Amino acid sequence: MPHITAFARNQWYVAAFTYEVGRELVGRTVLGEPLVLYRAEMDGAAVVLSDRCVHRRFPLSASRLDGDRIVCGYHGFTYDTTGACVGVPGQTRIPRSARVTSYPVVEQDLFVWVWIGDPAIADPASVPRAAHMDSPDWTTVSGMEPVEADYGLLVDNLLDLSHETYLHGGYIGTPEVAETPITTEVDKEAGVVRVSRRMADAACPPFYARSTGIEGRITRWQDIEYHAPCLYLLHSRIAPAGVLPEADGSDPAAFHTEITYAITPSAEGRVYDFWAVSRDFARSDDGVSAFMRDLNHTVVMQDVEALDLLQRTLASEPAGYREVSVGIDAGGLAARRILARLVEEGDKPGEGVR
Amino acid sequence: MPHITAFARNQWYVAAFTYEVGRELVGRTVLGEPLVLYRAEMDGAAVVLSDRCVHRRFPLSASRLDGDRIVCGYHGFTYDTTGACVGVPGQTRIPRSARVTSYPVVEQDLFVWVWIGDPAIADPASVPRAAHMDSPDWTTVSGMEPVEADYGLLVDNLLDLSHETYLHGGYIGTPEVAETPITTEVDKEAGVVRVSRRMADAACPPFYARSTGIEGRITRWQDIEYHAPCLYLLHSRIAPAGVLPEADGSDPAAFHTEITYAITPSAEGRVYDFWAVSRDFARSDDGVSAFMRDLNHTVVMQDVEALDLLQRTLASEPAGYREVSVGIDAGGLAARRILARLVEEGDKPGEGVR
Amino acid sequence: MPHITAFARNQWYVAAFTYEVGRELVGRTVLGEPLVLYRAEMDGAAVVLSDRCVHRRFPLSASRLDGDRIVCGYHGFTYDTTGACVGVPGQTRIPRSARVTSYPVVEQDLFVWVWIGDPAIADPASVPRAAHMDSPDWTTVSGMEPVEADYGLLVDNLLDLSHETYLHGGYIGTPEVAETPITTEVDKEAGVVRVSRRMADAACPPFYARSTGIEGRITRWQDIEYHAPCLYLLHSRIAPAGVLPEADGSDPAAFHTEITYAITPSAEGRVYDFWAVSRDFARSDDGVSAFMRDLNHTVVMQDVEALDLLQRTLASEPAGYREVSVGIDAGGLAARRILARLVEEGDKPGEGVR
Numbered sequence: 001m002p003h004i005t006a007f008a009r010n011q012w013y014v015a016a017f018t019y020e021v022g023r024e025l026v027g028r029t030v031l032g033e034p035l036v037l038y039r040a041e042m043d044g045a046a047v048v049l050s051d052r053c054v055h056r057r058f059p060l061s062a063s064r065l066d067g068d069r070i071v072c073g074y075h076g077f078t079y080d081t082t083g084a085c086v087g088v089p090g091q092t093r094i095p096r097s098a099r100v101t102s103y104p105v106v107e108q109d110l111f112v113w114v115w116i117g118d119p120a121i122a123d124p125a126s127v128p129r130a131a132h133m134d135s136p137d138w139t140t141v142s143g144m145e146p147v148e149a150d151y152g153l154l155v156d157n158l159l160d161l162s163h164e165t166y167l168h169g170g171y172i173g174t175p176e177v178a179e180t181p182i183t184t185e186v187d188k189e190a191g192v193v194r195v196s197r198r199m200a201d202a203a204c205p206p207f208y209a210r211s212t213g214i215e216g217r218i219t220r221w222q223d224i225e226y227h228a229p230c231l232y233l234l235h236s237r238i239a240p241a242g243v244l245p246e247a248d249g250s251d252p253a254a255f256h257t258e259i260t261y262a263i264t265p266s267a268e269g270r271v272y273d274f275w276a277v278s279r280d281f282a283r284s285d286d287g288v289s290a291f292m293r294d295l296n297h298t299v300v301m302q303d304v305e306a307l308d309l310l311q312r313t314l315a316s317e318p319a320g321y322r323e324v325s326v327g328i329d330a331g332g333l334a335a336r337r338i339l340a341r342l343v344e345e346g347d348k349p350g351e352g353v354r
Numbered sequence: 001m002p003h004i005t006a007f008a009r010n011q012w013y014v015a016a017f018t019y020e021v022g023r024e025l026v027g028r029t030v031l032g033e034p035l036v037l038y039r040a041e042m043d044g045a046a047v048v049l050s051d052r053c054v055h056r057r058f059p060l061s062a063s064r065l066d067g068d069r070i071v072c073g074y075h076g077f078t079y080d081t082t083g084a085c086v087g088v089p090g091q092t093r094i095p096r097s098a099r100v101t102s103y104p105v106v107e108q109d110l111f112v113w114v115w116i117g118d119p120a121i122a123d124p125a126s127v128p129r130a131a132h133m134d135s136p137d138w139t140t141v142s143g144m145e146p147v148e149a150d151y152g153l154l155v156d157n158l159l160d161l162s163h164e165t166y167l168h169g170g171y172i173g174t175p176e177v178a179e180t181p182i183t184t185e186v187d188k189e190a191g192v193v194r195v196s197r198r199m200a201d202a203a204c205p206p207f208y209a210r211s212t213g214i215e216g217r218i219t220r221w222q223d224i225e226y227h228a229p230c231l232y233l234l235h236s237r238i239a240p241a242g243v244l245p246e247a248d249g250s251d252p253a254a255f256h257t258e259i260t261y262a263i264t265p266s267a268e269g270r271v272y273d274f275w276a277v278s279r280d281f282a283r284s285d286d287g288v289s290a291f292m293r294d295l296n297h298t299v300v301m302q303d304v305e306a307l308d309l310l311q312r313t314l315a316s317e318p319a320g321y322r323e324v325s326v327g328i329d330a331g332g333l334a335a336r337r338i339l340a341r342l343v344e345e346g347d348k349p350g351e352g353v354r
Numbered sequence: 001m002p003h004i005t006a007f008a009r010n011q012w013y014v015a016a017f018t019y020e021v022g023r024e025l026v027g028r029t030v031l032g033e034p035l036v037l038y039r040a041e042m043d044g045a046a047v048v049l050s051d052r053c054v055h056r057r058f059p060l061s062a063s064r065l066d067g068d069r070i071v072c073g074y075h076g077f078t079y080d081t082t083g084a085c086v087g088v089p090g091q092t093r094i095p096r097s098a099r100v101t102s103y104p105v106v107e108q109d110l111f112v113w114v115w116i117g118d119p120a121i122a123d124p125a126s127v128p129r130a131a132h133m134d135s136p137d138w139t140t141v142s143g144m145e146p147v148e149a150d151y152g153l154l155v156d157n158l159l160d161l162s163h164e165t166y167l168h169g170g171y172i173g174t175p176e177v178a179e180t181p182i183t184t185e186v187d188k189e190a191g192v193v194r195v196s197r198r199m200a201d202a203a204c205p206p207f208y209a210r211s212t213g214i215e216g217r218i219t220r221w222q223d224i225e226y227h228a229p230c231l232y233l234l235h236s237r238i239a240p241a242g243v244l245p246e247a248d249g250s251d252p253a254a255f256h257t258e259i260t261y262a263i264t265p266s267a268e269g270r271v272y273d274f275w276a277v278s279r280d281f282a283r284s285d286d287g288v289s290a291f292m293r294d295l296n297h298t299v300v301m302q303d304v305e306a307l308d309l310l311q312r313t314l315a316s317e318p319a320g321y322r323e324v325s326v327g328i329d330a331g332g333l334a335a336r337r338i339l340a341r342l343v344e345e346g347d348k349p350g351e352g353v354r
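Protein chains in written order, with the working numbering: chain W, 1 to 354; chain G, 1 to 354; chain A, 1 to 354.
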């Protein structure tokens, strides 16, 4: 594998959707750390603990809940919501060192965000927002797929939408996506990459034709906003060809869709692809919800299959090959530079290290 | 994988049950050595040879018997019961070096024991006994399951029966097993670990309730006797609560069960789990035999699944973690120390080496 | 794995049958190099290009054809039949370095031969011939199976036909094949090994009994001609026992079969087994064609299964074992020496290197 994108540890990552975390233990691996997630009865908060029992390393996610305590499925070591061991079989004394790591958690915008790095510098205020996900003004469908690929391949994929034309033709891609040049803007300080593609007169792909009811050509805007390393927002605007927003900024004749991805490195060669599609139209139409869920799931699976294949292809390639990059790669290359900087800064002594 | 238990080579190991070895060639791998087993017509004895043809290394277990000779399935090299090559295609001259290793074998107590290490020090008298397995006073059911785990994980598992409560609840575990403290006794010289748990007043698990017909609470004794590295005996005594053996040592009101395991390292990360359950009650009752066979098989599969999972979990863990051990681990830790000593002694020059 | 046969790069290898290469993109890997193959509309010629897009390394074989151009299935980079990139999304300028390797190709005798090494020394005239494959005087059935084994194991297999008796008994093997000594002739200069086995009075195996209609004993000749590294020819002559060719060399009473193999290393531990059976009798009988195709496919699958097993067996064997070789191995050992020389010469500086 010629380039593997390293993990930036001192960052927030999405471990789950809030609706996935309940009274069943859920196992996830983030940045190579196995986690067990559940929701406490006591206060309804999501709990995220290390998924290895201190005793013989059995996965707690293969165990069971007793109230808000996890009872290890192998020998019954018992943990409270802070990760402290509160019960050991055959004796009343609990070893002082018996504790599993508890991870900082923020539940926000339908996501459960976790912090794997140095907890001393975990700032809940720095979790990037995707407020539409949980807003009464939007209707959202969502899902998650694991991909057997370096997370950098998913970042590449999402930052360069020209692939919609080829990989997702007949779903969300039309010739104009690949043909239309992009503009790229990078905020190095904030770690944000913006890529815009404004198509003035384009074919309407089935994803939008059927959900909006538009017939004929469209004006289509794609404005990407990538908050490295994890949150990817695609602001999508669809309107009949030539229809622009009003002078006052209102935009009643257009259809807006917020497409959200959380890109969470699970382990080397494995990434969680959390996806959501939020719309401001046909908001109570369950048929449109079902259609957008099914079709976006299909599109995500096309990406999964392509990235799985690409990962295997790269794995069999000798080291030292050179990629050829062109204009469409400006966003992806900027993202790689920011990720490299986050890794480097996060690993500086005194600033939070592994 | 943080700790892999090394192989003690100069020891006896169970390669098969005697009833598995007949006129069909059986392939087994013990301590990483591939073996082919069969029973000679001539004298009815089990033959254990290296499973690789001297010519091009084809597995003899994928070949066929011609009388008491194995004819290699690839080019027909032929071996007698001593491993000597006695036939070569296309010529009458047999190369002098053409011989596969023949291993020392002891058939005893329903087990086929083999010696992989230095044959000069293989002493049949040192094979540990499990005489109940083949005794007219006991009725035995048995089976074997391969486990994709370090054999040390199976030793850990069997030396600490508090896991019955959690992993085997509803089968052989009740709360009292985990709650009741153990006593541990170690005979370093003989390489034997004894762990006893005496429950005076306990619930009767389904395994015993249905097989013995006891209703209500029981007195339950579990006396482990582990003869490192391979043979594990669990002497189990079940009686109505409060009923003890007579003063003269007789014990007519109790139900005795001998649970036998042979723990044979197959290769790194792979172990054979030979199991048997022998009882001194309802000895001719086929329904009880079928019930005990089915239920113990289910229990063994719960262990297999848990250890397979544990092995994968440990494989993904960075080196250097620390286990937390408590009282219940006294037997398992003693066993680890004995295994380490056996490995070290067996590898001393002059005492039998790889 | 004790001995892996290295790849001789500056040699011709069969990548496909000509009939496999058409308007569907085909992916093959030869000597570890992923290739995409198709047939150009323009001139009907087979095109062989590197299977990794210059942009992000996506496999072109998972893409589609647009006329004679491949359009990458990920971002639409477009290549002509020479491997030159002729289209890039979002811009008209094509980077000068954008080109995938195009490999020398020779289509001959039903085979698509490719040259992976130094193209400067690829000589089409040096492709070995198997003219019967495509001759009006012969009727041919053929197929290909990938084997999960070092290609050296397939060379060993085919150079020593005594395995027919044991691995293919009941199909093409009879006792006489293993019993009859061989004569071996080696042309080091040309890299050709010849192994002959002449059975004067042998049982007729089902493969020939049913296809020729011969009843009773036969005279059976097997004359191997191995052109290292890739082409293996087995000239087979079957006649009623005692019937020899005429004094003038004509041979009207015999049945001739040309059995052709192309042995193409795909990657480490993987080889393509191209096979064909050509006959000069019952040439228009579709029943005989179907029978020979089915039966030879069965025989090939017996080899595949045995070599897959042998590869796994060798992989688990510690380094340093010694094979025992006997008379039947003369051809295989000569082939190994020639392959070692081809590797060494091909890797000499100035003569064409990796």
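If you're looking for bench data, these hints aren't it; they were derived computationally from the structure. As the structure is a computational prediction, the values presented were derived from the model and not from experiment. Fair warning: there could be bad hints in the mix.
Here are some of the chain G residues that sit facing chain A, going by a computed Cβ distance under 10 Å [stated by the list, open to error]:
| id | residue |
| --- | --- |
| 1 | I94 |
| 2 | G269 |
| 3 | A282 |
Sample of chain W residues with no beta-carbon within 10 Å of chain G, all distances over it, derived [unchecked claim]:
| id | residue |
| --- | --- |
| 4 | R56 |
| 5 | D68 |
| 6 | V88 |
| 7 | S97 |
| 8 | E107 |
| 9 | P136 |
| 10 | E225 |
| 11 | A247 |
| 12 | Q311 |
| 13 | E344 |
Label-pair distances were calculated between CB atoms; the ranges are [what the hints assert, rightly or not]:
| id | chain 1 | residue 1 | chain 2 | residue 2 | range |
| --- | --- | --- | --- | --- | --- |
| 14 | W | P206 | A | M301 | 14 to 22 Å |
| 15 | W | P124 | A | V86 | 31 to 39 Å |
| 16 | W | T183 | A | T101 | 47 to 55 Å |
Glycine included, every Cβ here is placed at the ideal spot set by N, Cα and C.
Hint by hint, here is what the structure shows:
no. : hint                          : in the structure
1   : I94                           : 9 Å, holds
2   : G269                          : 12 Å, violated
3   : A282                          : 45 Å, violated
4   : R56                           : 6 Å, violated
5   : D68                           : 18 Å, holds
6   : V88                           : 5 Å, violated
7   : S97                           : 6 Å, violated
8   : E107                          : 27 Å, holds
9   : P136                          : 42 Å, holds
10  : E225                          : 34 Å, holds
11  : A247                          : 58 Å, holds
12  : Q311                          : 18 Å, holds
13  : E344                          : 21 Å, holds
14  : W:P206 <-> A:M301: 14 to 22 Å : 45 Å, violated
15  : W:P124 <-> A:V86: 31 to 39 Å  : 52 Å, violated
16  : W:T183 <-> A:T101: 47 to 55 Å : 35 Å, violated
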